[in-house]
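Colleague: Sequence:
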Amino acid sequence: MKDLQRKGLVCLIGSDLAKNAKMPLILLFAVLVSALLVVANIQRTRLLISEREELVLERTALDIEWRNLILEETALGDQSRIERIAINKFKMRHVEPSKEYLVIKKQNVIEYKNHLPDQAR
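My numbering puts the first residue of the sequence shown at 1, with every later residue one more than the last.
By construction, these hints were calculated from the structure, which means they are not laboratory data.
Check before you lean on any hint, since a few could be wrong.
Below, computed lysine-lysine pairings styled on DSBU-like, alpha-carbon distance capped at 30 Å [stated by the list, open to error]:
{"hint": "1", "residue 1": "K99", "residue 2": "K89"}
{"hint": "2", "residue 1": "K22", "residue 2": "K7"}
{"hint": "3", "residue 1": "K19", "residue 2": "K7"}
Computed beta-carbon distance windows for the label pairs [to be verified]:
{"hint": "4", "residue 1": "L9", "residue 2": "V56", "range": "56 to 62 Å"}
{"hint": "5", "residue 1": "E53", "residue 2": "K91", "range": "56 to 62 Å"}
{"hint": "6", "residue 1": "L102", "residue 2": "R59", "range": "47 to 53 Å"}
{"hint": "7", "residue 1": "V38", "residue 2": "G77", "range": "56 to 62 Å"}
{"hint": "8", "residue 1": "E72", "residue 2": "R93", "range": "24 to 30 Å"}
{"hint": "9", "residue 1": "V56", "residue 2": "V103", "range": "54 to 60 Å"}
{"hint": "10", "residue 1": "I42", "residue 2": "R67", "range": "34 to 40 Å"}
{"hint": "11", "residue 1": "L69", "residue 2": "K89", "range": "25 to 31 Å"}
As the structure is a prediction and not an experimental result, all values here were calculated from the model.
Beta carbons are placed, not taken as given, at the ideal position from N, Cα and C, and that holds for glycine.
Use the sequences and the hints to build the structure in full.
Modeller: Quick look at the structure:
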């Protein structure tokens, strides 16, 4: 009997809300939807902030690599400058591989060897 009264009471409250309280139900639904959208927006914002932090770290790493490449380019440029001065000012030139010799010291005896095999000469 109590189950019938409870079901009757629940049905009575539901029908009363449907007839007389449409506006509060609509507002309650709107508040719930708004709350879910706020939670979804906060989650998306957190993901975007995390992605931004990763991109900032990547940018920093690329900036460091760029600086190192600039230094390397400067160092290589200095080598070519030295080579240019050696050729122009001191009239130096590269030695042909067939005319290169290695100096090897073995127990107070100095040997001069052509470092290329016989086929390459």
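Colleague: Take the hints in turn and mark each one as holding or not.
Modeller: Quick rundown of the hints versus the structure:
Between K99 and K89 the alpha-carbon distance is near 23 Å, which keeps this suggested pair within the 30 Å criterion. Distance hint between K22 and K7 is fulfilled; the C-alpha atoms sit about 21 Å from each other, no more than 30 Å. Our distance criterion of 30 Å between C-alpha atoms is met by K19 and K7, whose separation comes to about 18 Å. For the pair L9 and V56, the beta carbons lie near 60 Å from each other, so the given range of 56 to 62 Å is met.
Evaluation of the 56 to 62 Å hint for E53 and K91 yields a pass: the beta carbon distance comes to about 58 Å. Range check, L102 to R59: Cβ separation about 49 Å, and the 47 to 53 Å hint holds. Restraint check, V38 to G77: a C-beta distance of roughly 57 Å satisfies the suggested window 56 to 62 Å. For the hinted restraint 24 to 30 Å between E72 and R93, the CB-CB distance of approximately 27 Å keeps it satisfied.
Evaluation of the 54 to 60 Å hint for V56 and V103 yields a pass: the beta carbon distance comes to about 55 Å. I42 and R67 have their C-beta atoms about 38 Å apart, which keeps the hinted 34 to 40 Å range intact. In this structure, L69 and K89 meet the distance hint of 25 to 31 Å, their C-beta atoms being roughly 30 Å apart.
Checked against the numbered hints given earlier, the structure satisfies every one of them.
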